[in-house]
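Visitor: Could you put together the complete structure from these sequences and hints?
Protein sequences appear in the order of chains A and B.
Here the numbering used here is used: the first residue of the first sequence is 26, the next is one more, and so on.
Here the numbering used here is used: the first residue of the second sequence is 40, the next is one more, and so on.
Treat the hints as calculated values from the structure; they're not laboratory data.
Among the hints, a few may not be true.
Straight-line C-alpha distance at most 30 Å; calculated DSS-like pairs for lysine-lysine [claimed, not checked]:
1) B:Lys147 x A:Lys34
2) B:Lys144 x A:Lys82
3) B:Lys90 x B:Lys151
These numbers were taken from a predicted model, which means no experiment stands behind them.
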Amino acid sequence: DSGVTQTPKHLITATGQRVTLRCSPRSGDLSVYWYQQSLDQGLQFLIQYYNGEERAKGNILERFSAQQFPDLHSELNLSSLELGDSALYFCASSVGGGSGPQHFGDGTRLSIL
Amino acid sequence: GQQLNQSPQSMFIQEGEDVSMNCTSSSIFNTWLWYKQDPGEGPVLLIALYKAGELTSNGRLTAQFGITRKDSFLNISASIPSDVGIYFCAGQLVGGSQGNLIFGKGTKLSVKP
Chain A
26 DSGVTQTPKH
36 LITATGQRVT
46 LRCSPRSGDL
56 SVYWYQQSLD
66 QGLQFLIQYY
76 NGEERAKGNI
86 LERFSAQQFP
96 DLHSELNLSS
106 LELGDSALYF
116 CASSVGGGSG
126 PQHFGDGTRL
136 SIL
Chain B
40 GQQLNQSPQS
50 MFIQEGEDVS
60 MNCTSSSIFN
70 TWLWYKQDPG
80 EGPVLLIALY
90 KAGELTSNGR
100 LTAQFGITRK
110 DSFLNISASI
120 PSDVGIYFCA
130 GQLVGGSQGN
140 LIFGKGTKLS
150 VKP
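Guide: Structure follows, in structure tokens:
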């Protein structure tokens with residue numbers, strides 16, 4: 026058990042809809058990272074938050090947004106969903122905002138019908 | 040997005056065999072990490088490397104941070120059936136306060152039929 030909790034485990038929805046994925050980091054970790062894993066692209070970094078502030082942005086679409094709350098949990102919002110958004114979405118956390126190991130949750134599997 | 044070159048893509052193992060895999064990059068990293076992912080779960084951290092030339096072991100696993108800081112390898116000695124899974128290398132970029140990881144596409148370990 027990594028200590029990173031993600032909910033829900035599975036999400037099935039339709040094109041055009043909006044969903045929210047939730048992540049609770051390990052106790053004591055201040056950074057939260059979101060990654061997308063698909064068969065063709067592998068694991069891709071989306072966005073990082075550190076202690077409530079956005080720290081880094083990767084290949085995140087404009088239809089996607091995230092935030093980190095004062096209790097350090099984070100949410101990833103995906104809107105105007107398209108078939109191609111079907112993927113596994115992982116959250117990871119680390120103590121600091123720069124270097125250091127990241128520990129991953131078990132992911133949310135998003136299926137768009 | 041940017042990715043590491045990880046090889047081999049897949050390999051079959053027989054119990055007791057040693058296994059090697061490696062990652063190369065055109066970019067310099069200040070941290071290399073190796074993860075294992077089992078079906079339905081998130082990547083689990085195996086080994087973290089922080090210094091060029093560093094050689095680190097975790098049980099039957101040994102990983103090295105290349106001297107050029109552009110490569111890393113992972114060895115598994117005397118493989119056992121539970122070693123089956125997908126192994127990912129990940130590099131953390133030099134500089135700045137961002138901590139996002141760049142992942143290889145994975146090496147899939149399967150049992151020889």
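Visitor: Hint by hint, note whether the structure agrees.
Guide: Each hint tested on the structure:
1. Taken as a hint, the lysine 147 of chain B and lysine 34 of chain A pair is honoured in the structure, with Cα atoms around 23 Å apart against an allowance of 30 Å.
2. For the suggested pair lysine 144 of chain B and lysine 82 of chain A, the alpha carbons sit about 21 Å apart, so the restraint of at most 30 Å is met.
3. For the hint linking lysine 90 of chain B to lysine 151 of chain B, the alpha-carbon distance of about 35 Å lies beyond 30 Å, and the restraint is violated.
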